[in-house]
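Protein chains in written order, with our numbering: chain A, 1 to 803; chain B, 1001 to 1107.
Heads up, some of the hints might be wrong.
As the list claims (entries may be wrong) - Far from chain A, by Cβ distances over 12 Å, these chain B residues were calculated:
{"#": "1", "residue": "V1033"}
{"#": "2", "residue": "E1057"}
{"#": "3", "residue": "D1078"}
{"#": "4", "residue": "T1091"}
{"#": "5", "residue": "T1093"}
{"#": "6", "residue": "V1096"}
{"#": "7", "residue": "E1098"}
As the list claims (entries may be wrong) - Okay, the calculated bits of chain A under chain B, using three or more residues with CB under 8 Å as the criterion:
{"#": "8", "segment": "482-494"}
{"#": "9", "segment": "572-581"}
{"#": "10", "segment": "626-640"}
These aren't lab readings, by the way, just hints derived from the structure by calculation.
None of these values were measured; they are calculated from a predicted model.
Glycine included, each C-beta is placed from N, C-alpha and C at the ideal position.
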Amino acid sequence: MPKQKLLLIGNGMAGIRAIEEVLKLKPNQFEITVFGSEPYPNYNRIQLSKVLQGDTDVSDITLNEWQWYEDNNIRLYPGETVINIDKTKQVVSTDKGREEPYDKLIIATGSNAFILPLPGADKEGVTGFRDIKDCEKMIDYSKKHKKAAVIGAGLLGLEAARGLLNLGMEVDVIHINDYLMDRQLDEPAGRLLQKELEEQGMNFLLNKQTAEITGEEKVSGLRFNDGEEIDADLIVMAVGIKPNVALAMENGIKVNRGIIVNDYMETETPNIFAVGECVEHQEMVYGLVAPLYEQGQALAKQLCGVPCDGYKGTVVSTQLKVSGVDVFSTGKIDEDKNTKSIKVFDEWNGTYKKLIVEDGKLAGAVLFGDTKDGTRLLSLIKKAADVEEYLNANESEQSGASLVAEMPYDELICGCNGVSKGTIVDAINSKGLKSLEEVKGCTNASRSCGTCKSLVSDLLEYTLGDDYNENQKVSVCGCTTLSRDEVIEEIKEKGLTHTREVMNVLGWSNEEGCSKCKPALNYYLGMLNPTDYEDEKESRYVNERLHANIQKDGTFSVIPRMYGGVTNAVDLRKIADAADKYDVGMIKLTGGQRINLLGVKKQDLPDMWADLGMKSGHAYQKGLRTVKTCVGSEFCRFGTQDSTGMGIKLEKKFEGISGPHKLKMAVSACPRNCAEGGIKDVGIVGLDGVWELHVGGNGGTELRQGDLLCKVKTEDEVMEWVGAYLQYYRETGNYLERTSSWVDRLGIDHVKEILAVKETRDELNERMDIALSAIQEPWSEVINNEETLRELYEKVNVTSTSK
Amino acid sequence: MEKTQRRIFVGNYSELPKKLGKTVIIGDQEVAVFKLASGDIRAIENRCPHKGGVLAEGMVSGDHVFCPMHDWKISMVDGKAQAPDEGCVQTYTTEVTEDQVYVLMEK
Chain A
1 MPKQKLLLIG NGMAGIRAIE EVLKLKPNQF EITVFGSEPY PNYNRIQLSK VLQGDTDVSD
61 ITLNEWQWYE DNNIRLYPGE TVINIDKTKQ VVSTDKGREE PYDKLIIATG SNAFILPLPG
121 ADKEGVTGFR DIKDCEKMID YSKKHKKAAV IGAGLLGLEA ARGLLNLGME VDVIHINDYL
181 MDRQLDEPAG RLLQKELEEQ GMNFLLNKQT AEITGEEKVS GLRFNDGEEI DADLIVMAVG
241 IKPNVALAME NGIKVNRGII VNDYMETETP NIFAVGECVE HQEMVYGLVA PLYEQGQALA
301 KQLCGVPCDG YKGTVVSTQL KVSGVDVFST GKIDEDKNTK SIKVFDEWNG TYKKLIVEDG
361 KLAGAVLFGD TKDGTRLLSL IKKAADVEEY LNANESEQSG ASLVAEMPYD ELICGCNGVS
421 KGTIVDAINS KGLKSLEEVK GCTNASRSCG TCKSLVSDLL EYTLGDDYNE NQKVSVCGCT
481 TLSRDEVIEE IKEKGLTHTR EVMNVLGWSN EEGCSKCKPA LNYYLGMLNP TDYEDEKESR
541 YVNERLHANI QKDGTFSVIP RMYGGVTNAV DLRKIADAAD KYDVGMIKLT GGQRINLLGV
601 KKQDLPDMWA DLGMKSGHAY QKGLRTVKTC VGSEFCRFGT QDSTGMGIKL EKKFEGISGP
661 HKLKMAVSAC PRNCAEGGIK DVGIVGLDGV WELHVGGNGG TELRQGDLLC KVKTEDEVME
721 WVGAYLQYYR ETGNYLERTS SWVDRLGIDH VKEILAVKET RDELNERMDI ALSAIQEPWS
781 EVINNEETLR ELYEKVNVTS TSK
Chain B
1001 MEKTQRRIFV GNYSELPKKL GKTVIIGDQE VAVFKLASGD IRAIENRCPH KGGVLAEGMV
1061 SGDHVFCPMH DWKISMVDGK AQAPDEGCVQ TYTTEVTEDQ VYVLMEK
């Protein structure tokens, strides 16, 4: 039987999601063709705000690369728009004159930014915020102009405004109502949000209705109904979206606000289906991602002839993707005479929670500041649970297992990668998975942002029942069942000296290990035996092997050592000369107060180091990176101690020391803490006559404020405590465990107790000194070693004509 | 179908680093050449199917290499990315004669 022709109009999230579901169910049933107006492969539109905010590249939000289409034998026509559908002949035609027959047709044309029909809306400098083109336009404008106005303080408007702030523009946000995100939040939450965003630098004009966009050809500003005016070079309209139904309408497919579909995503025209933001289902039009997944599933089942109940609508939830602000809302927001609500408003901590209860059932929730409960509430609201269920669970801190037990099989657990409960449970059962790591590896769930980790653990607990061990031993990696402590014990006991030997003797399932255990074992062996262990280049991550940081395009960056962040004119000249000579792509100051030379070719690294004649900043290292300092008593009018000198001393002493993970230090000379020691692995604050040592701070993915370890009087004591502390971490930390997690795991009181004993500190420092004595400066080592130069830094260039 | 192949000399066997990759530029293509722990030589396209990561800098385990960018595991035998990732890179046949290493490429 010849394959049926399945044709998709719209290469966006919804349509492709449906195709993915079809491929899962019946990989060989259809010959698939996709038309997309945008010249990109399928990308994650929800993450566009991150692109604008500068956290992410367009390539990072691509969901399906070109290769995916090829691998699945899908014909893709990007940058080509379907302009006509012949319903009787079942043929579509495009703006490039192509004609393509279909057996089944999916319309997934999405939606467009809604542009208010204001006078002047056609002037240059007005944009929506909907696709990559809009994003690029805004970025472009920010390079030449200063002032932006965003119309609409909903989700999209605020995310656009945050992005424009990041791009260095001044931003006015205009909103027609009197508080922000009024469709998702109630007034108290809206006010809290406003306060937070004002602190971030946004300016709000509330209760304002725009009357006109002013300017000649280009926009110059806005005039409001009340006669007031503001200046603006760029106007972003973020007042909503409207389903893109033009194609359907012109071709006689029934449309109301969106293309009308039934529970099986069928339009009223035979063999034509529609999915995503362009559809209207039971009088609802959605502009969020969760419904797309559910609709895609229903459609795929219908197309493949798999019986299903169809799509029943979605309880939607909203989360704002602006850094530093946690907002979540779902279900019913506003109170009325049939509802009761539970409200907790903590003005001091800036958190707010409101639950709407209707007939004793949870019907909606608004969370501000603390959104941990979001997923759980969403799930309870979906099944219209009794409010008691939520409250009781909160009281008894009942495990999440009962919650996931009641989730339907096809409910999404991982929103980033579209992994459902069913996929995870099936994988656990059929592949005998026991840990979060294994689930991650098998299903991709929680491999991106990680917010669904706790749900995945709950699913493991629920699926495995008694077999699940919550405090399960964490093995070094998938190649062994042994934990880090067990491996270290065995190494000591059996006197093992090479990674291969460890893997062999301890029965690694993977003869040569993997990218997790190789560097870990290499570290443990070196830590246990610093003077005799021969470091294995091949077990090092590329940054440490080559002593430079690899960048996304395969070039490297070089950060010359600059003790305590202090430099001089001679070094600066050398750096500038090297930057010219090796055609450096960008010179950037790092967060640790050092100069970063980016875009250096691998083969140029050794020569560049030789020219610089400065040590490496070890910016690549799992070990001491930099010691950040404030100006201190030498120049600062508030400085009580010589923080710069202290920082230099620390950096010189501990440079090159390896650790389970990277280590950052900072020294400040007054409580203003300009060097930001509160979020460093070791943060030292000099006060009048006293040094405070804070440890376990982290400014990275999981923000953690350091704990006070001790207060000491002299610089020598600082050195002694820092040395002992670092060595204790080196000896007891899991590879790739930052001090922040390590302090959490051991408890600060335990660390204090251990280090309080003077003899222990001395012993630790002795072992630290042995480790320090074995360190060799890597750059000069490379420059003087022909073999290393050839093996690691040379690229072989073969002319294409050679035989 | 008969294909003509070019034998391209890429270096001396004894000089290739063990358990590490080497970047070889052939015309406009980049090939990653590896000397495995077993002593075998493998050659693959120097581009991870994920985001084009330079595989020559990856960590090697047996017949596999881990992309240094996002840790995808790629087989050097058939070029396939290991589950849950999907994708494939081009692999090349290699030959060692005396101390000389050759990569075979289609004309």
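Hints, one by one, checked against the model:
1. The claim that V1033/B lies off the interface is violated: its Cβ sits roughly 8 Å from the closest Cβ of chain A, which falls inside the 12 Å cut-off.
2. Not every CB of chain A is more than 12 Å from the CB of E1057/B (nearest about 4 Å), against its label as outside the interface.
3. No beta-carbon of chain A comes within 12 Å of the beta-carbon of D1078/B; the shortest separation is about 14 Å.
4. Distance to chain A confirms T1091/B as a non-interface residue, since its nearest Cβ pair spans about 16 Å, more than 12 Å.
5. Once the 12 Å rule is applied to beta carbons, T1093/B is consistent with being away from chain A; the minimum gap is 16 Å.
6. Non-interface status of V1096/B relative to chain A is upheld: no Cβ of that chain comes within 12 Å, the nearest being about 15 Å off.
7. For E1098/B, the condition that its CB be more than 12 Å from all CB atoms of chain A holds, with the nearest at approximately 17 Å.
8. Using a Cβ-Cβ cut-off of 8 Å, 0 residues of the segment 482-494 of chain A lie near chain B, which falls short of the minimum of three, so the contact claim is violated.
9. Taking a C-beta to C-beta cut-off of 8 Å, the segment 572-581 of chain A contributes 0 residues in contact with chain B, too few for the three needed, and the coverage statement is violated.
10. Only residues whose C-beta sits within less than 8 Å of a C-beta in chain B count toward coverage, and the segment 626-640 of chain A has 0 of them, not enough to reach three; the restraint is violated.
Of the hints listed earlier, those the structure fails to meet are numbers 1, 2, 8, 9, 10, in rising order.
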